[in-house]
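Residue strings, one per chain:
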Amino acid sequence: MNRKLIKSFGLLAGLLLVCLPSFAHHGGSDYDVQHPITLKGTVTEFYWSNPHCQVFVDVKDDSGKVVNWTIETLAPAVLKRAGWSRETLHTGNQISITLVPSKKGTPVGMLRKVVLPDGSELTGGSLGEQPTQ
Amino acid sequence: MRKKRLGVAVTIAAAIAFLAVARAQSDHSSAANGKSRSATNDPHDFSGVWNPAPFLQPKGEVNPLDLGGHPNPLPPFTPAGEAKYLANAKFIAAGAVLDCDPFGVSRNYFTPRPFEILLTRDRLVQHFEYYDNWREIWTDGRKIPDDVDPDFMGYSVGHWDADTFVVDSGAYNGKAFLTWQGFPISESMHQTERWQRVDSETLKIVLMFDDPVNYSKPWSITGFWKLRKDWVMDAHPCTLSAIKEYDERVNHADKLPGRDYGVPEKK
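Chains A and L supply the protein sequences, listed in that same order.
Going by this note's numbering, the first sequence opens with residue 7, and the numbers climb by one from there.
Going by this note's numbering, the second sequence opens with residue 4, and the numbers climb by one from there.
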């Protein structure tokens, strides 16, 4: 019974995480939340602002061409509770960033997780309480 | 002898009156006089920062956070209400949430960000972190005035029913949505909320929407929030400049229509 309960809570938590990007202002359901991707690149700008912060990252595509990705996050208040500050990223930082991409195929996405130059990880924060397991 | 009896009667009456007033003040003390922002077990003390716990919502209700399409179940729309909902949903999907209108009460509740409750002598004040929206709930016994101007946040009055705080609100201007999905509100809507502290850390609010223009019968959503004693609010008001900037930097990059600002150059 407890296992079932834990599984159910886990499923609900997963569903909620899937819903998170939808709370961007970005037209509702424009992100492919089922298929997150991870990119490695160089930060060209970290913009700390409401309603959503933005990380711009130069990423080399398969052909070697550099593409500048626009990656939005949740609001500064949510990031702060996840351990971020306006000084977390700086231009020139080499990072690995996990995001859910735009369904349009444009280099735009919503941040899920970042691995910083020192190897530490930060999530994009959570909206609402998560069930305890 | 008659004087003595009269004196006793007056004394008893005074004592009863005193106890009644003391009880009434006690009932309202934690909800209306700013007692503290503590996690007491007092069922009448709602002070503090409350973070939504949507996973506690009972199954079978309309899910205000189901944004992956039309939620199932949907509210009991009237034909007019359904048409408005579909138009609102289309409006939202096109990026129309890029505005700064106050969210109204219900949509604030079901935006997964915290709110703080502040208590004064005659009001319970809710401060919603997202977009810095404020709401007053009058606790001084008044009714909703007949001549109040309709507003996004409506006009709210509250009273105690044993350990349940009952909030009646009306005078909504019909311009907000009930939830992020775009469920409509009319100026005829009357909203009733029943607040309970189900334990020292958990607040439960059942919202009942009675809007005969848009819904064929009253319907409800149950929300839960957890007390976050260690949190302070980090509210930000919506500003058109910030929204415009976001729209230019993110939405236009994704070829969304956004607002008609033209196509900017990335900084």
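Keep in mind that a hint or two might mislead.
As the list claims (entries may be wrong) - List of simulated lysine to aspartate or glutamate pairs, DMTMM-like, C-alpha gap at most 25 Å:
#, chain 1, residue 1, chain 2, residue 2
1, A, K66, L, D102
2, A, K86, L, D164
3, L, K229, L, D164
4, A, K110, L, E119
5, A, K119, L, E119
6, L, K229, L, E85
Said to hold, decoys possible - Covered by chain A, according to a simulated footprint, are these stretches of chain L (three or more residues, beta-carbon under 8 Å):
#, segment
7, 210–223
8, 241–250
No lab work stands behind these hints, which were simulated from the structure alone.
A quick note: this is a predicted structure, and the numbers were derived from the prediction, not measured.
The beta-carbon is built from N, C-alpha and C at its ideal position, and this holds for glycine as well.
Hints versus structure:
1. Our distance criterion of 25 Å between C-alpha atoms is broken by A:K66 and L:D102, whose separation comes to about 35 Å.
2. A hinted pair counts as satisfied when its Cα atoms are at most 25 Å apart, and A:K86 with L:D164 does not qualify at roughly 39 Å.
3. Of the supplied pair hints, the one linking L:K229 and L:D164 holds, its CA atoms being roughly 22 Å apart against a limit of 25 Å.
4. Between the alpha carbons of A:K110 and L:E119 the distance comes to roughly 38 Å, so the proposed pair goes past 25 Å and is violated.
5. As the CA atoms of A:K119 and L:E119 are separated by approximately 28 Å, the hinted pair breaks the 25 Å bound.
6. Under the criterion of a C-alpha separation no larger than 25 Å, the hint pairing L:K229 with L:E85 is inconsistent with the structure, at around 33 Å.
7. Residue count for the segment 210–223 of chain L with a Cβ under 8 Å from a Cβ of chain A: 0. That is fewer than the three needed, and the coverage hint is violated.
8. Counting residues of the segment 241–250 of chain L whose CB falls under 8 Å from any CB of chain A gives 7; the rule of at least 3 is met.
Comparing the model with each earlier hint shows violations of hints 1, 2, 4, 5, 6, 7; every other hint is respected.
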